[in-house]
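Peer 1: So you can see what is in the structure, the chains are spelled out below.
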Amino acid sequence: MMNQYETVFIVTPVLSEDQVKETVQKFKKILTEGGAEILTEENWGLKKLAYPIKHKTTGFYNLIEFKAEGALIEKLETEFRRDERIIRFLTFKMDKYAVEYSNKKKKMKKENSN
Amino acid sequence: MADKNVRYLTPVAVDTKKEKYCRFKKHRIKYVDYKDPEFLKQFLNEQGKILPRRLTGTSLKYQRKVAKAVKRARHLAILPYVTDLMK
Chain A
1 MMNQYETVFI
11 VTPVLSEDQV
21 KETVQKFKKI
31 LTEGGAEILT
41 EENWGLKKLA
51 YPIKHKTTGF
61 YNLIEFKAEG
71 ALIEKLETEF
81 RRDERIIRFL
91 TFKMDKYAVE
101 YSNKKKKMKK
111 ENSN
Chain B
115 MADKNVRYLT
125 PVAVDTKKEK
135 YCRFKKHRIK
145 YVDYKDPEFL
155 KQFLNEQGKI
165 LPRRLTGTSL
175 KYQRKVAKAV
185 KRARHLAILP
195 YVTDLMK
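Line order of the protein sequences matches chains A and B.
Under the numbering used here, think of the first position of the first sequence as 1, with each following residue one higher.
Under the numbering used here, think of the first position of the second sequence as 115, with each following residue one higher.
Simulated from the structure, these hints should not be mistaken for laboratory data.
This one's a predicted model, so the numbers in the text were calculated from it and none came from an experiment.
Take these hints with a grain of salt, some might be off.
Said to hold, decoys possible - Taking lysine-lysine and the DSS-like style, the derived pairs with C-alpha atoms no more than 25 Å apart in a straight line are:
#, chain 1, residue 1, chain 2, residue 2
1, A, Lys96, B, Lys140
2, A, Lys110, B, Lys144
3, A, Lys56, A, Lys105
4, B, Lys149, A, Lys56
5, A, Lys47, B, Lys163
6, A, Lys93, A, Lys28
The shape of chain B in the complex, shown without the other chains:
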């Protein structure tokens, strides 16, 4: 009979389903400014690549605006095309 109270060394990481929401809808942000790197960095990973929607949870309409703004910022050398450990 398996021991009833089997305790694990580390708590089992049950996948807590955090409700993902689109921050643009929530905070009523309508315009993504391509000149503001701090805000855009939240949508980039360490290498400077744009994060997919399934991780950031943004809706399609605003993901396109973010992508366009990031590409404009890259054109103006405000954001790098590729880098390592940018954050």
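Extracted from the complex, chain A is given alone in its bound form:
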């Protein structure tokens, strides 16, 4: 049964811009290989952290919203733990209100973009 998930992860600021892109590509590849369907992908860029994580005060925030089987999440999270460039991640299973909320936001973004 395909559930909808949303994962936010923070990449360490030490990397250069294209290394950050490469890590994001790596995780998107893991998702698509595992049979997930990526809905949206956001990059909030370099943001200040509310408290230092691993002695770093800033980080690249990325968000990926996707539909996937439940079993894939375990694999995804072990990849997150294994990769040392990711300093923090959070996967969130979206219930129907969350899905409705994100669709509403996507619609609003489309409206004021065109």
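Once you've looked at the hints, dock chain B against the given chain A.
Peer 2: For chain B alone, coordinates are given in the frame of chain A:
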């Protein structure tokens, strides 16, 4: 005989009973987004601690959602665990 019109220097702060309401029920908000710090900050005090229901007036069901969202935001360093004069 006490003087009839005793006037105080400052008006007596009679405890005006402001009707507290659950903003989630009122504005039909169903989902608390953990990625939006501005909205969550209304439920935190200066030190970044979650305000109790008796002050914010939210119902139990939505207070739990707010608490879970705040804890997720703290995990992602969007909100601090403890700070001073955050607002």
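Peer 1: Taking the hints in turn, state whether each one holds.
Peer 2: A quick look at each hint next to the structure:
1. Lys96(A) / Lys140(B): Holds, at roughly 20 Å.
2. Lys110(A) / Lys144(B): Cα-Cα ~22 Å, so holds.
3. Lys56(A) / Lys105(A): Violated, because 31 Å separates the two Cα atoms, which is more than 25 Å.
4. Lys149(B) / Lys56(A): 20 Å, holds
5. Lys47(A) / Lys163(B): 22 Å, holds
6. Lys93(A) / Lys28(A): 17 Å, holds
Going down the numbered hints, you'll see the structure goes against just number 3.
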